[in-house]
Amino acid sequence: DAKTTQPNSMESNEEEPVHLPCNHSTISGTDYIHWYRQLPSQGPEYVIHGLTSNVNNRMASLAIAEDRKSSTLILHRATLRDAAVYYCILRALYTNAGKSTFGDGTTLTVKP
Amino acid sequence: DGGITQSPKYLFRKEGQNVTLSCEQNLNHDAMYWYRQDPGQGLRLIYYSQIVNDFQKGDIAEGYSVSREKKESFPLTVTSAQKNPTAFYLCATVGSGYSYEQYFGPGTRLTVT
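Sequence lines, in order, name chains V and G. All residue numbers for the first sequence refer to the numbering used here, where the first residue is 38 and numbers rise by one. All residue numbers for the second sequence refer to the numbering used here, where the first residue is 55 and numbers rise by one.
The reader is advised that the hints may include incorrect statements.
To be verified - Here are the simulated SDA-like pairs of lysine to any residue, each with C-alpha atoms no more than 20 Å apart in a straight line:
1. V:K136 / G:S121
2. V:K136 / G:V106
3. G:K124 / G:G57
4. G:K137 / G:Q91
5. V:K136 / G:S127
6. V:K136 / G:G112
7. V:K136 / G:E155
Unchecked claim - Which bits of chain G does chain V cover? Going by a derived footprint, with three or more residues having C-beta under 8 Å, they are:
8. 86–97
9. 108–122
10. 154–161
No lab work stands behind these hints, which were simulated from the structure alone. No residue lacks a Cβ here, since even glycine has one placed at the ideal position from N, Cα and C.
Please put together the full structure from these sequences, using the hints given.
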């Protein structure tokens, strides 16, 4: 499986933008980049995904490097409710779901 | 109301007993997954199933068993062979389509003493 690397932890101030990096140097051409987040004592929830182009939704933006070897999840204005563990994973297109592994993610702390 | 149900939310067992964790989904998804999470750690894949009557081992399958007799259900049995069974267990499904977005249940916290 193609692997991702994320920093263990990051801190942000409330109402400031947050940029969460992810490296995936062995990504293949058919891998989608997915981001999930997990609040304490809950299951992870989907945040955003992309293939090549930058993506925006109501929760966040995803910036993908031109060579696709890295990506950045952007929270435009962090709130205390954004404090969570953020996971970056790769999912292959056109496969029957298949093995889905998560790393340790990045623990985001938001300071008031 | 579509979703994934895991029951119970908290489960307590004595060491040496087998215990079965329930996972039910009404999303009509083919693929289902079981993960284990220890305090302060990420998710580790135990087993996954891409279709009824078929399943594959994940990264930490030893001491666990699963069955997939129905599309809606993917129960996980934690056997007495699992050395450190106390953990948070998460069930997930994957939808079809281009994105293969993964959906997670609320989890079951198992404590074995």
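Structure-based check of each hint:
As the CA atoms of V:K136 and G:S121 are separated by approximately 17 Å, the hinted pair is consistent with the 20 Å bound. Among the hinted pairs, V:K136 with G:V106 is consistent with the structure: their alpha-carbon atoms are about 16 Å apart, no more than 20 Å. For the hint linking G:K124 to G:G57, the alpha-carbon distance of about 16 Å falls within 20 Å, and the restraint holds. Of the pairs offered as hints, the one joining G:K137 and G:Q91 holds, with about 15 Å between alpha carbons and a cut-off of 20 Å not exceeded.
This hinted pair checks out: V:K136 and G:S127 have alpha carbons roughly 18 Å apart, not beyond 20 Å. Distance restraint check for V:K136 and G:G112: the Cα-Cα separation of roughly 7 Å lies within the 20 Å cut-off, and the hinted pair is therefore satisfied. A hinted pair counts as satisfied when its Cα atoms are at most 20 Å apart, and V:K136 with G:E155 qualifies at roughly 13 Å. Coverage of the region 86–97 of chain G by chain V holds in this model, with 5 residues showing a Cβ closer than 8 Å to a Cβ of that chain against a need of three.
Against chain V, the region 108–122 of chain G contributes 3 residues with a C-beta closer than 8 Å to a partner C-beta. That satisfies the three-residue criterion, and the hint holds. Counting residues of the region 154–161 of chain G whose beta carbon lies closer than 8 Å to any beta carbon of chain V gives 8, which meets the minimum of three for the stated coverage.
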